[in-house]
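J.: Work the whole structure out from these sequences, hints included.
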Amino acid sequence: MRRARYRKQKREGFKRLSDISSGESVKILRVNARDKLLYKLLDMGFIDGTVINVIREAPLFDPMELRVQNYLVSLRKSEAQLIEVERV
Amino acid sequence: MIKVALAGQPNCGKSTVFNMISGIYQHIANYPGVTVDKKSGRFKAGDREVELVDLPGTYSFSSYSAEERVAKDVILEEDPDIIVNVVDASNIKRNLYLTFQLLEIGKPVVVVLNMMDVAARRGIEIDSHKMAELLGCPVVEASGAQGKGKEEILQALKLIWDQKSSFEEFRLNYEGLEPFIQKLQRDFTKIDSVVSSRWLAIKALEQDMQIIQKLEKMQRGIAQKAKEYRLQFHEVLDRDPESFLAALRFDSADIIYHKCVVEKQKDHVTATDIADRFILNRWLALPFLFLVMFGIYELSIVMGYKITDYTWPLLAAVKNFTVDILPAANFTEVPVITEFGIWMVNSANALLNYIPIFLILFALIAILEDVGYMPRMAFILDRLFRKFGLHGQSTLPLVLGGAFVGGCAVPGVMATKGIADDRARMATILTVPYMNCLAKVPFYTLLLGAFFKAEMALMMFYISTVTVFIALIVAKILTSTVLKTRETAPFVMELPPYHLPTFKGVVLRAFERVWIYIKKVVTIVLAVAVILFALLQFPGLDEERRAHYAQKSQEALSYFDNRVRGSDYYALVDTKEEVSRLLNFYDGYKMKRMTASGKEGAQAVDSEYKALNPEFFKFVKPKGDAEARKINRPLRKLSRMRKKILMDIKDEKVENSLLGMAGRSIEPFTQYAGFDWKVNVAFLSSFAARESAVATLGSIYENNKTKEGARAEETMAQNSGYTPLHATAMIIFMILTPPCIATMIVVKFQTGSYRWMLFAIFFPITLGIATAITVFQMGVHSSLNGVEAMTFFYVSVLLTALVLGLMPQKRINWSGGLPQSKVRDLH
Ligand SMILES: Nc1nc2c(ncn2[C@@H]2O[C@H](COP(=O)(O)OP(=O)(O)OP(=O)(O)O)[C@@H](O)[C@H]2O)c(=O)[nH]1
Ligand SMILES: [Mg+2]
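Chains as they are written, first to last, in the numbering used here: chain A, 41 to 128; chain B, 13 to 839.
Rather than coming from a laboratory, the hints here were simulated on the basis of the structure. Just so it is clear, the structure is predicted and the values come from calculations on it, not from any experiment. A portion of the hints provided could be inaccurate.
Said to hold, decoys possible - In silico lysine-lysine, DSS-like type, Cα no more than 27 Å apart, as pairs:
#	chain 1	residue 1	chain 2	residue 2
1	A	K117	B	K496
2	B	K237	A	K76
3	A	K76	B	K229
4	A	K76	B	K399
5	B	K276	A	K67
6	A	K76	B	K429
7	B	K56	B	K170
8	B	K239	A	K76
9	A	K76	B	K170
10	B	K588	B	K665
11	B	K331	B	K318
12	B	K226	A	K76
13	A	K117	B	K105
14	B	K176	B	K51
15	B	K633	B	K602
16	B	K602	B	K331
17	B	K271	A	K67
18	A	K117	B	K429
19	A	K117	B	K318
20	B	K105	A	K67
T.: Structure follows, in structure tokens:
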């Protein structure tokens with residue numbers, strides 16, 4: 041079910057932030073987080089329409105380093121998964 | 013008095029600005045979340061008194077972290093007159109997001125553009141006049157680290173204070189939300205607060221629980237109203253007020269940014285980017301991290317230990333001095349006050365001995381903090397730690413605790429303060445004490461030297477590496493049981509640009525932390541030492557035994573008397589008082605000679621004692637004097653006899669003491685782990701400071717068969733009747749416990765509860781004794797030797813950790829909906 045939704049999104053040009061590889065820039069379409077995580081993300085500048093630059097993955101592949109609003113931030117993939125983005 | 017609150021985003025330099033304008037020293041570091049509590053200071057600016065409150069850094073005023081609660085409370089409860097908003101000029105856009113939230117609180121604001129030097133270096137030009145015009149508040153340029161901007165900030169404060177009457181409330185037009193804000197404001201009939209009602213309305217619509225609860229207390233039904241309006245707003249615009257507001261504020265920040273800021277070198281690669289290419293590189297990051305850790309370990313622990321060789325004589329001198337001023341022993345009758353004094357000095361010295369190590373360690377950590385490597389460490393290792401319920405930020409506490417062969421849990425536990433995730437923070441606090449405490453090393457050396465001479469290296473490898481796996485397992489167990497319901501926080505962490513540390517800051521911080529250590533830990537440990545002393549002294553020996561020892565002393569004295577009668581000097585030593593004084597003289601001399609360094613030191617001791625009593629000195633060092641030698645030899649023998657009697661008395665006292673009784677009473681149980689009562693007493697007394705375990709064991713096993721000067725290892729191997737398997741059980745127990753009192757005190761501080769402290773004491777003890785019993789019984793029944801049993805233990809731990817680590821985990825990434833209880837009702 042989740043898989044299907046994922047495919048649908050992919051067809052429509054959606055991607056999840058967690059799937060973006062290093063060096064690419066994307067634009068936030070939607071933040072699917074709730075509560076505390078949503079607040080945190082909003083405060084850190086993850087606003088719809090903001091451009092994010094994926095800098096790198098951590099050596100053990102998990103948190104990813106991003107540039108948002110001109111500063112660097114680290115985000116776990118499990119959380120990045122909740123952010124829908126599109127290529128710019 | 014003017015009350016000023018200092019607010020700003022994490023790591024923007026608030027504490028630096030605080031120090032600069034107040035002249036009061038405050039903790040600074042280059043990672044977010046250093047100031048977790050509010051700190052305040054008073055100072056005079058011109059003829060006015062100012063109270064300045066340094067708030068914890070907050071990215072905004074809308075989410076629910078502990079820091080934001082503290083910050084908001086100060087604004088609400090303490091009603092500051094002016095808010096000084098420190099802004100990181102090199103990261104202005106995100107910082108302005110908070111500025112707008114501060115402005116709308118409705119109090120006069122002064123914006124301080126800090127880190128102007130960094131901004132200039134990055135080619136960021138800021139038109140502060142224009143910004144002041146647009147925001148309607150003074151905007152001051154500053155550079156806290158270089159001490160620039162103090163006068164200007166004070167001036168701006170004065171200006172605002174003088175023109176308070178003409179101050180007009182700031183308002184940001186929230187467009188679609190405006191009707192709801194105004195409606196809610198009109199509903200506020202019974203709300204009476206020092207802050208603007210518009211702000212309260214906005215916060216309530218944003219669903220800020222802290223504010224809503226406050227409002228609800230003043231006027232029932234407000235929460236419900238706010239909820240209704242939220243829903244209405246959602247229907248109209250298909251958005252939640254919080255994301256709508258955030259977007260609007262960022263847009264406003266963007267406007268200021270575009271009008272007032274010119275970035276000449278946008279897209280220019282910064283030094284931080286280049287450094288991170290190496291430091292966070294997939295292949296280089298871990299080796300580099302390892303190198304840093306290893307460097308810290310080498311410099312602080314290894315080198316610090318060497319430095320203690322030089323500082324130890326100082327502490328020994330203090331001890332000698334104490335011995336000198338306390339009443340001397342009358343042969344085998346040692347006054348209680350003397351025993352007590354020496355005990356206390358020993359307890360204090362055992363801890364103070366680590367100060368050089370701590371100084372270096374804290375200085376290095378301060379450098380890492382200032383440079384900005386800490387959050388990167390968390391970034392690199394987060395994945396690994398998360399598997400076990402810990403957090404990337406657990407790295408440093410664990411390393412300090414001794415993940416690398418040795419450390420100390422006290423600074424380790426203290427370093428957990430910055431961990432944002434509450435569950436991971438608790439788990440870290442509770443696992444740091446499992447790390448290799450430096451003070452355990454002598455204990456291991458004693459046992460390894462006694463029972464594992466050949467396999468020493470292998471055993472030491474086991475001991476020093478197994479702790480990390482144990483800590484991971486324990487963390488996993490705790491976070492999936494007792495800590496399961498604890499709040500967790502998303503790991504959205506800023507990676508600040510690298511800064512050069514300042515010498516002054518590093519040194520100040522190192523000393524400050526050492527001072528805290530001395531103040532908090534040493535004082536409490538001394539208090540416990542008093543209790544322990546009492547437990548070891550009372551009830552003491554009974555009449556009959558005392559008579560027994562009195563007779564022994566008499567025998568020793570007569571022996572001496574008979575031997576020296578033939579000497580020409582007999583008149584000098586023919587009473588008990590004289591003999592006793594001579595003996596004290598002799599022992600004092602020997603002790604000082606032992607701690608004196610080099611030939612000159614020895615000569616100094618010689619001349620000191622010669623001057624003290626030239627006659628006695630002849631007996632101590634007879635040289636060619638044949639008559640004096642007649643006294644010298646029996647004197648040496650007598651000194652040994654006295655030591656033996658004192659030791660026997662002490663042993664018997666310990667055996668009969670309250671602690672001894674405790675040790676005995678648990679023997680029936682601990683014997684399954686191979687521990688007899690003596691071992692129990694050693695472990696019990698090691699609770700005060702682990703060094704005492706060695707001292708207690710060492711002294712318990714010294715006996716008359718032991719030849720003079722034999723090392724504790726040898727006596728133990730000969731006299732204890734233990735096998736290496738016993739030693740393994742003891743080592744395993746020691747690895748898992750006992751937590752030392754100093755650590756428990758900091759655990760109390762960091763968790764803020766005695767219940768967790770007690771948990772931190774009894775959980776490891778239970779785990780330790782259970783494991784020791786299991787391994788010992790395994791060993792006995794399958795006739796394993798010590799090393800085999802230890803290998804078995806090591807492999808089991810390793811496998812457990814691997815299994816737990818590889819276990820796939822499904823994380824619930826969503827929340828909300830109906831409360832669980834309601835959902836259950838539906839079925
Ligand atoms: N180059 C430069 N560095 C600065 C300046 N002001 C502060 N710093 C450095 O920035 C780092 C953070 O400073 P702090 O004063 O601890 O920041 P804070 O806002 O109190 O941080 P939290 O309490 O964690 O919210 C430290 O390494 C300071 O030395 C400045 O004007 N220029
Ligand atoms: Mg601070």
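J.: Each hint: holds or not?
T.: Hints and how they fare:
1. For the proposed pair A/K117 and B/K496, the alpha carbon gap of about 22 Å is at most 27 Å, so the pair holds.
2. For the given pair, B/K237 sits about 22 Å from A/K76 by alpha-carbon distance, which is consistent with the 27 Å threshold.
3. For the suggested pair A/K76 and B/K229, the alpha carbons sit about 23 Å apart, so the restraint of at most 27 Å is met.
4. A hinted pair counts as satisfied when its Cα atoms are at most 27 Å apart, and A/K76 with B/K399 qualifies at roughly 22 Å.
5. Restraint check: the Cα-Cα separation between B/K276 and A/K67 comes to about 24 Å, which is no more than 27 Å; the hinted pair holds.
6. Distance restraint check for A/K76 and B/K429: the Cα-Cα separation of roughly 20 Å lies within the 27 Å cut-off, and the hinted pair is therefore satisfied.
7. Under the criterion of a C-alpha separation no larger than 27 Å, the hint pairing B/K56 with B/K170 is consistent with the structure, at around 12 Å.
8. A threshold of 27 Å between alpha carbons decides the hint, and for B/K239 with A/K76 the separation of about 18 Å falls inside it, so the pair holds.
9. Restraint check for A/K76 and B/K170: not satisfied, since their Cα atoms lie roughly 39 Å apart, outside the 27 Å limit.
10. For a cut-off of 27 Å, the pair hint linking B/K588 to B/K665 stands: about 25 Å separates their Cα positions.
11. For the hint linking B/K331 to B/K318, the alpha-carbon distance of about 20 Å falls within 27 Å, and the restraint holds.
12. With a C-alpha separation of about 20 Å, the suggested pair B/K226 and A/K76 falls inside the 27 Å cut-off, and the hint holds.
13. Proposed proximity of A/K117 and B/K105 is supported: the alpha carbons are some 25 Å apart, at most 27 Å.
14. Among the hinted pairs, B/K176 with B/K51 is consistent with the structure: their alpha-carbon atoms are about 26 Å apart, no more than 27 Å.
15. Between B/K633 and B/K602, the direct Cα distance comes to roughly 11 Å. Compliance with the 27 Å bound is thereby established for this hinted pair.
16. At most 27 Å may separate the alpha-carbon atoms for a hinted pair to count; B/K602 and B/K331 meet this at roughly 14 Å.
17. With a C-alpha separation of about 23 Å, the suggested pair B/K271 and A/K67 falls inside the 27 Å cut-off, and the hint holds.
18. For the hint linking A/K117 to B/K429, the alpha-carbon distance of about 25 Å falls within 27 Å, and the restraint holds.
19. For the suggested pair A/K117 and B/K318, the alpha carbons sit about 45 Å apart, so the restraint of at most 27 Å is broken.
20. Straight-line distance between C-alpha atoms of B/K105 and A/K67 comes to about 18 Å, which keeps the hinted pair within the 27 Å bound.
Violation of the numbered hints given earlier is confined to hints 9, 19; the remaining hints are satisfied by the structure.
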